[in-house]
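Undergrad: As a plain string of letters, each chain reads:
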Amino acid sequence: MSLTDLRPAARHSAPPPPPGKTKHWLYRFDIKTIPYVFISPFFILFAIFGVFPLIFNGIVALRTWRLDDRSLDGWAGFANFERLLTDEDFWNALGNTFGIFILSTVPQLLAALIIANLLNRKLRATTFWRIGILLPYLTPVVASTLVFAIFFARDNGLANWFLSLVGFGQETPLDWRAQKWSAWIAIATMVNWKWIGYNALLYLSAMQSIPKDVYEAAAVDGASPWKQLWSITVPMIQPVVLFTVILSTIGGLQLFNEPMMFDENPQSASGGSDGQFQTIAQLIYKVGWKDLDLGYAASMSWALFLIILVVAGINFAATRRLGGGR
Amino acid sequence: MSTYVNRAPQDTRGTWTTYLGLTLVLLFSAFPVYWMFVISTSTDDAVAASPPALLPGAQFLVNAQEVFTLNEVYFAASLINSVLVSGIITAATLFFCSLAGFAFAKLRFKGRNALMVVVILTLTVPNQLGIVALYIVMGKLGWNNTLLAVIAPGLVSAFGVFYMRQFIAHAVPDELVESARIDGALTLRVYWNIVLPAIRPALAVLGLLTFVMAWNDFQWPLIQLNGTDYPTSMVALSDLASGNYVIYRRVLAGAFIATVPLIVLLLIGGRQIVRGIMEGAVKS
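In order, the protein sequence lines correspond to chains A and B.
Letter 309 of the first sequence, counting from 1, is numbered 309 in full-length UniProt numbering, and no numbers are missing.
Letter 68 of the second sequence, counting from 1, is numbered 68 in full-length UniProt numbering, and no numbers are missing.
The calculated PhoX-like cross-link candidates involving lysine-lysine, where the alpha carbons are at most 25 Å apart (straight line), are: (1) K110(B) - K32(A); (2) K212(A) - K227(A); (3) K122(A) - K227(A); (4) K286(A) - K180(A); (5) K212(A) - K122(A); (6) K180(A) - K290(A); (7) K286(A) - K140(B); (8) K110(B) - K23(A); (9) K140(B) - K290(A).
No lab work stands behind these hints, which were simulated from the structure alone.
With the hints as constraints, model all of the structure from the sequences given.
TA: Dropping the structure here:
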């Protein structure tokens, strides 16, 4: 890389102009302009479809912008945000989003650590195991959630059947969608299923770059494998743990596909009969494209953006302190 | 054997408990996909039995045919659309990102480092939060409710540029680029004849990851294509699963068919996908 490049700078000077002066301008163009031509598709497309909408979203949030009646368009000031503060649907969705987020992130990352530790051995068929645990990551959430919806069905669902096998059978079968706690658990299970393998590979990759003498030095104290994991391995891979915590925060707080497809009628975007598992991303979709109120939906997006920033910051600090305490 | 270890875990041989644990993890990972297949091959009775069927039936072709012949779902068209959308997004991402990655890794120009910092910053921006405004932008372009609106935002990715830059910096020797230019080759020719052949492994990794993400994308395609007669397969699936009377074996036959292409990709390119994810971790 250029930062470590210690060779004489002369090597990088422009090549001598080739014979034949008619082509000289072409080579100048090639040296001076072509680099910008090469990077411009990325910057142009990203500006139009990535950065601009994000900023423009802030303006839309301050306006009344209805898809059904454009005559109502106009400046709204902070009216959308004020409405947000007293909107029960919003607070309900916020609570659901956090409930599902906690139920999915914590078990997910713990399980990923333990699985990564299993994979971090001398194994037969190394690649086979790694590819196998990635199957959920590749499977479309829309498709897998449909399976889980049947798994968690009230009548004849496998989840209820398992419950009855281990002695938790109930007189009336559990309707997983009906209560908040059970719907959250069902959805969190789907999220965990999808991301455990992916996170395990991230951890495994970090674990394999830990210098071996760190373990040899600790062997004097005689650490059991379990203790070795928590007192040596995990603190050593703390940066990647931080990274996955941030990734799960960003992804988890925008959860959309699972609650959508878990609904008995996905197209309604209502998150259960009484919004038991409606998330913010789902509410944004509903407000924007079912109620056709884009201005209000934009203000929700902004609120969610701020919430993600704050939560990611808190999680970052908390994970760092937890790791540093060891 | 002592219960205390004095070796790094990666030098420790896996015991039978390791294999038992991994086998359980694998069963947990594979079961939903397996069961998707089971239900897609079953009859209504087998699905409704308690406990439900756990072994495949013989109805797959019947169920699949029902999915394909449902009028309002456009399932066959949706598969073609998904191939089209994901294919174009993948090809464009590979081309644009390798081009920009090459410029950032090997070419000298003013503002290079500052612009690379911009790329890295954009990595952290959750684009999904701009969808309302993106919808309005697409409206101004006249692209709403078209495949173009689904394709356009996916044509480049900040991660792709970053990944390509890292790979090209290591995989393409400076001397090779320099000597080709001294011979009078234009930069585009260097890209085509020297860089592209050298980065085939990285193209495979980025291509696979991009294709999978594009294929599985749901929220934005749903906003754009719901209710049109040219949905992507994920939008068609959500349509199939909506309504008052949902037939599980039929819905899951659709879900399984839409998952098969990715299972095939995992079988062919699993090694590359694993490598891509693990390399991404080290570098970020």
